[in-house]
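Could you slot chain B onto chain X? The hints should help.
Chains X and B are the protein sequences, given in the same order. Per the numbering used here, the first sequence starts with residue 1, numbered consecutively. Per the numbering used here, the second sequence starts with residue 1, numbered consecutively.
It is possible that some hints are incorrect.
Capping the alpha-carbon separation at 30 Å, the derived lysine-lysine pairs in DSSO-like fashion look like this [to be verified]:
id: 1; chain 1: X; residue 1: 48; chain 2: B; residue 2: 192
id: 2; chain 1: B; residue 1: 93; chain 2: B; residue 2: 192
id: 3; chain 1: B; residue 1: 147; chain 2: X; residue 2: 221
Because the hints were derived from the structure by calculation, they are not lab data. Quick caveat, the model's predicted, so the values are computed rather than measured.
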Amino acid sequence: MTGKGRALAWQAAAVVSATAVVLYFANNVATNLAVRGIQFGFGFLWAKAGFDIPFHLVEWDVNFPYGRALWVAGVNTLFASAICIVFASALGLTLALMRLSGNLLAVGTSRALIEVIRNTPQLLQIVFFYFAVLQALPPMRQSVTIGTSVFLNVRGLYVPAASGELWDWISGITLVGVLVAAVLWKRMGMLVPRLLVLPPVLIVGLLAAGFTAQWEPPALKGFNFVGGVRIPPEILALALGVSIYTSAFIAENVRAAILGVHKGQTEAAFSLGLTKGRTMALVVLPQALRLLIPPLTSQYLNIIKSTTLGAAIAYPEILQIFARTVLNQSGRAIEVMTLVLGVFLVVNLIASAGMNAWNRRLALQGR
Amino acid sequence: MTSLPARALRAGRLVLAAGAAVFLATTVAQAQVSAPPGPTVEAIKKRGALNCGIDTGVPGFAFQDNKGVWHGIDIDYCRAIAAAVLGDPEKVKYTGTTAAARFTVLQAGEIDVLIRDSTLTFTRSTVLGLDEVAVNFYAGQGFLVRKSVGVTKAAELQGATICTVTGATLELNIADFARSTGAKIGTLLFDKPEEAIAAMEAGRCDGYTDDTGSLAGMRSTLKQPDEWFVMPETISKEPLGLHIRSGDARWQKIIFWLDNALKSAEEFGITKANADQLKASTKDPFILRLLGAEGDTGKALGLDEAWALRAIKVAGNYGEMYETHFGTKALNLPRGQNNLYTKGGLHYPLPIR
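One chain only, chain X, in its complex shape (with noise of 0.2 Å):
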């Protein structure tokens, strides 16, 4: 037999002996459901939640089926995610140009700091950032006010809500319209910096679209302010915990990548005459960043994942409300981990799939 050959008879016996393996487990999980009399399907999830949502992006009313509730904790899981990778990464990135700053106070404090988050276990951190943000915050009867209609408290932070059609349209049609020519910017051929001319006119549509709005402003009624929109504090402990622990894994990533660019790189923008700042920006950052993407997608992944510690501080994530509440409520114990499992897997792969587009744009040509 050729080497060629032993290695496909090898790889085939390896197939399968991993599906008999998978069949067996099928065939066990099946025969015990039967044996203990547990039914198996997903009907449940037409059926009526009958619970609450304490903080939710889309819209949900307790008479939603599970499968809505499905919907709105995956968005919850998103939003908390999405904050956490931004928070993360600016913070990677900062703590990543202390350390190779050079000024001793910068080096050591961040040093100190990496090797404090990244040796402490992230639960941990994420129920102290909790009762931190707790116990900092006012009671809810003596709320911080910010004009007349901006309450802070331990409850959260109240800002009115704006509602109404034109609001709706014009403030929706201004951030999709920023967010499309953002990126694609270069393609539309525009010459002057987006920078420029985005953020203005992102401001100046969403006042013209102020106006139009009415206000409905949160006011203390009984236990609690009623009307605007609410920030609970958990979203704030979860971003601080999740984004800070990461923040020290990414900062090394980024410490790497700037030292993986070739020294000469930097020694040739300094003889052309750039500052320090604009050769990291202009030469070097640019560079670290094709050695960094793939590390940092490691680290994204993470997040995503991370975000189900949100559910022992009461974040409604996916975790919590559908892995906790609705197959406690349903008993389909298999079903909705199998959903959950696919939901993060299915979101995972979309994100993974989207650094390594990145990537490849980046990508030196021709290497």
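Below, chain B without anything else, positioned relative to chain X:
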């Protein structure tokens, strides 16, 4: 004419059938005397310990003291079962289970019985494939709130936020209550009661909800218990009790009648202290049967005659257990529904005869 081998075969079959009939007859005869113990009891005897699923820490039901010893009414039930089946109340392996994981742990066979202040419900019986054998604590879902808030009824919680744990019947009850009364009550769900209680003390929510038994327990762990009170009103029925996997009828009967024995003991004045003496001196045939001096209640369950006597001697009768864990010297929770039917309560032990 049939051939010789065929005839031999027929004769052989006859002998076999006769043998089977004799075997069957003897088994039936034996069954009248003593029942087979059932697969669960056999497994327990083989491993020499009862695997008991309990709560991770709620005073009154199951919590560890500073020496690591478990206490609580659920613990006493575990010990009583071990005493009845194995003859030794110490032969129990405790498995602490979270609200979310408890039924899976039971279904998977890691524990023999789940005694974890768990409500007996339709879904748990049918969809989860469990047997709900007995109620060892009648509770209702209540609220622990700050006294200074000045509410006295659940309906006054309109607009309030309530902290609780996820994976229980609690959140659905609140939503049901809110829907039926038109009140709007927000919930904030935590994995563990400790975090929910800490968030409540920090002012993140207006109160904590659980069954009334657990609330009395959790209140005792607060920094300033006197500032808080358990509202007398409840919004649901929470019959807390013993769950087992469906499929072992013998095990189901043992647990069911053990619970009846502990409550009957209270009804007939049998205590931890006087059980042995009563067995020797009483003339009451009911007590004699219960304690194994007459009749064969043990054999019918696949146990020996002193099963109930040993169980009663572990922590006393049901009333003694309640007094130890919820009485005036403990959590000071009035017996109310948890009294015997003769004293206005709900516990009505079926006659053991």
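Hints versus structure:
1. 48/X with 192/B: Status holds; Cα separation ~26 Å.
2. 93/B with 192/B: holds, 22 Å
3. 147/B with 221/X: holds, 19 Å
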